[in-house]
Amino acid sequence: MESIGVLMTCPPNFPYLVEELEKRFTLYKLQNAPDKTHFINSHKNSIRAVVGNAGFGADAELIEQLPKLEIVSSFSVGLDKVDLPKCKEKRIRVTNTPDVLTNDVADLAIGLMLAVLRRLCESDRYVRSGKWKKGDYKLTTKFTGKSVGIIGLGRIGMAIATRAEAFSCPISYYARTEKPDVKYRYYPSVIELAANCQILVVACALTEETHHIVNREVMNALGPKGVLINIGRGPHVDEPELVSALLEGRLGGAGLDVFEDEPNVPEPLFGLENVVLLPHVGSGTVETRKAMADLVVGNLEAHFLKKPLLTPVV
Amino acid sequence: MENKDHNQNHQSEDLPQVLLLKPTPVMAVLGEHQFSSNKYQFLKAWESPLPLCQFLTKYANSIQAILCSGAASVTDDLLQLLPSVRLVVAASAGTNHIDLMACCRRGISVTNAGNVFSDDGADAAVGLLFDILRKISAADRYVRQGLWVKKGDYALGSKKKTFVSYPFYSNICELAADSDALIICCALTDQTRHMINKEVLSALGKEGVIVNIGRGAIIDEKELVRCLVEGEIAGAGLDVFEKEPDIPKQLLELENVVLSPHNAVFTPESFLALSELVVGNLEAFFSNLPLLSPVMDE
Chain Y
436 MESIGVLMTC PPNFPYLVEE LEKRFTLYKL QNAPDKTHFI NSHKNSIRAV VGNAGFGADA
496 ELIEQLPKLE IVSSFSVGLD KVDLPKCKEK RIRVTNTPDV LTNDVADLAI GLMLAVLRRL
556 CESDRYVRSG KWKKGDYKLT TKFTGKSVGI IGLGRIGMAI ATRAEAFSCP ISYYARTEKP
616 DVKYRYYPSV IELAANCQIL VVACALTEET HHIVNREVMN ALGPKGVLIN IGRGPHVDEP
676 ELVSALLEGR LGGAGLDVFE DEPNVPEPLF GLENVVLLPH VGSGTVETRK AMADLVVGNL
736 EAHFLKKPLL TPVV
Chain Z
520 MENKDHNQNH QSEDLPQVLL LKPTPVMAVL GEHQFSSNKY QFLKAWESPL PLCQFLTKYA
580 NSIQAILCSG AASVTDDLLQ LLPSVRLVVA ASAGTNHIDL MACCRRGISV TNAGNVFSDD
640 GADAAVGLLF DILRKISAAD RYVRQGLWVK KGDYALGSKK KTFVSYPFYS NICELAADSD
700 ALIICCALTD QTRHMINKEV LSALGKEGVI VNIGRGAIID EKELVRCLVE GEIAGAGLDV
760 FEKEPDIPKQ LLELENVVLS PHNAVFTPES FLALSELVVG NLEAFFSNLP LLSPVMDE
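As given, the protein sequences belong to chains Y and Z, one line each in that order. In the numbering used here, each residue carries its 1-based index in the first sequence increased by 435. In the numbering used here, each residue carries its 1-based index in the second sequence increased by 519.
Treat the hints as calculated values from the structure; they're not laboratory data. Note that this is a predicted model, so its numbers are computed, not measured. Where is the CB? At the ideal position from N, CA and C, for every residue including glycine. You may find that some hints are simply not true.
Covered stretches of chain Z, going by a simulated chain Y footprint (3 or more residues, C-beta under 8 Å) [as the list claims (entries may be wrong)]:
#1 637 to 650
#2 655 to 664
#3 717 to 723
Given only the sequences and the hints, what does the whole structure look like? Please build it.
Below you can see the structure in the form of structure tokens.
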């Protein structure tokens with residue numbers, strides 16, 4: 436299959452994925468090209484697949500430039516950077532990496548909750564700076580038993596709910612439709628969910644409908660003691676509004692793994708001790724990234740060997 | 520020293536005295552009014568101009584109970600000076616600062632924090648574990664220092680395998696050898712002092728991590744630091760240290776440790792619950808009712 440061209444639109448930073456792709460295909464690394472348009476033009480007739488990730492996918496413009504494109508295999512579960520309707524229209528297959536990263540992302544959501552409520556990062560800074568010698572750190576606030584509201588009860592949302600239940604947290608959720616057989620309390624709007632929980636977690640897919648689903652009104656409803664946890668996508672939250680809500684004390688705290696313009700994070704957040712900021716590491720463990728890479732490669736192999744795709748979305 | 524406490528302003532000769540050698544964190548945060556009762560009054564040793572020995576001798580006959588935290592040890596020598604003491608109330612889960620054998624010999628009951636710290640202590644232990652394994656504090660530093668922009672994506676953390684049952688190990692080395700993460704939450708006693716030693720850390724291994732929300736002295740701290748610096752274990756989450764608040768300098772430089780200033784149970788919810796338990800124990804004692812959270816001999 437060496438003659439099959441695969442265009443990697445994301446930075447080629449994960450050696451295992453790059454190696455496995457290069458073993459099987461001719462890999463074109465778009466991010467390394469000095470002139471991307473020229474690069475695409477030069478290789479467009481051999482490119483039959485695109486590999487992207489959470490940050491870089493395949494938009495309509497790119498798809499139009501690749502006449503031989505048959506499949507987009509995303510190194511992520513979120514597909515907001517892939518033009519799905521365009522792919523459907525052109526009968527291009529699309530795969531992602533569900534399930535293998537569910538536990539890691541859910542773990543991180545709980546980790547962020549604990550880190551924000553119990554001020555773990557700030558406590559660590561307090562010790563390292565020598566401040567402990569001058570006096571005890573102040574009281575934080577209990578996590579166990581706090582009510583958790585989850586936006587989106589898919590695989591990741593459910594995994595977060597199961598974990599939070601172990602901490603005796605009452606669970607409620609918002610989704611487009613109420614889910615039968617789910618014991619958690621449903622709210623038909625995000626504002627009502629936010630008004631009725633202490634910790635609000637974003638765990639839904641990013642689509643046109645969910646863009647800025649956490650807006651000023653939602654943050655005000657969550658309130659000065661409420662904490663927002665975002666392990667979805669940056670654009671789920673109106674970021675400038677988030678910054679002012681935190682600075683003005685209208686929102687109690689935030690644990691954020693994603694931002695509207697990664698890797699740029701609003702600098703006013705850096706001075707706040709009631710936020711924890713992570714560089715999009717939700718699925719960033721050695722084990723999971725390998726499993727994700729195996730799915731990406733496995734899907735491509737299946738496609739070119741005319742076998743059923745492992746994790747198709749389109 | 521001006522005494523603003525209304526209990527001592529209207530000092531009643533009849534109310535039994537509860538001795539406080541040093542202020543306790545929970546009282547310092549919540550205020551003395553949270554602990555007041557019409558069944559007893561507090562006697563604060565540090566407010567007296569008298570040297571401690573004289574102070575204790577003066578009030579020996581009226582001190583029937585002692586309220587203490589880790590800062591003030593209750594030793595056999597102290598109890599010798601206070602023959603009327605029948606109850607020691609620890610404002611903590613730990614009782615390693617109390618000579619339990621001496622209390623037992625003298626027929627003195629001891630109470631501790633019972634269950635009020637369990638949730639927060641457990642949350643903190645899990646929080647430290649998450650932080651160590653998923654590098655939460657380190658990654659947060661990375662972002663705040665502008666390195667996500669300058670250097671790119673953060674290096675990967677690791678997820679460990681999960682157990683669903685709780686097998687018992689009678690040998691701590693075997694437990695360490697079979698675990699990815701070792702969490703210390705036992706009491707500090709003569710048996711557990713430096714229980715986590717070179718052998719145990721070696722069994723835990725290069726991929727293993729340790730979390731301590733018990734007492735610093737349960738771990739041989741020098742050995743722990745050496746193992747961390749030399750990569751013989753993967754990381755540590757520590758809320759307690761052998762000589763608080765002095766932390767070994769090498770720990771402050773390490774990226775694979777998370778440090779917290781002995782605040783695993785420092786939440787308003789826990790402190791309020793503790794104050795209620797302390798008052799409850801004292802009132803029960805002075806009303807000849809069963810204690811709420813007696814420390815049982817094991």
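So, against the hints stated earlier in the document, which numbers end up violated here?
Hint 3 contradicted; others consistent.
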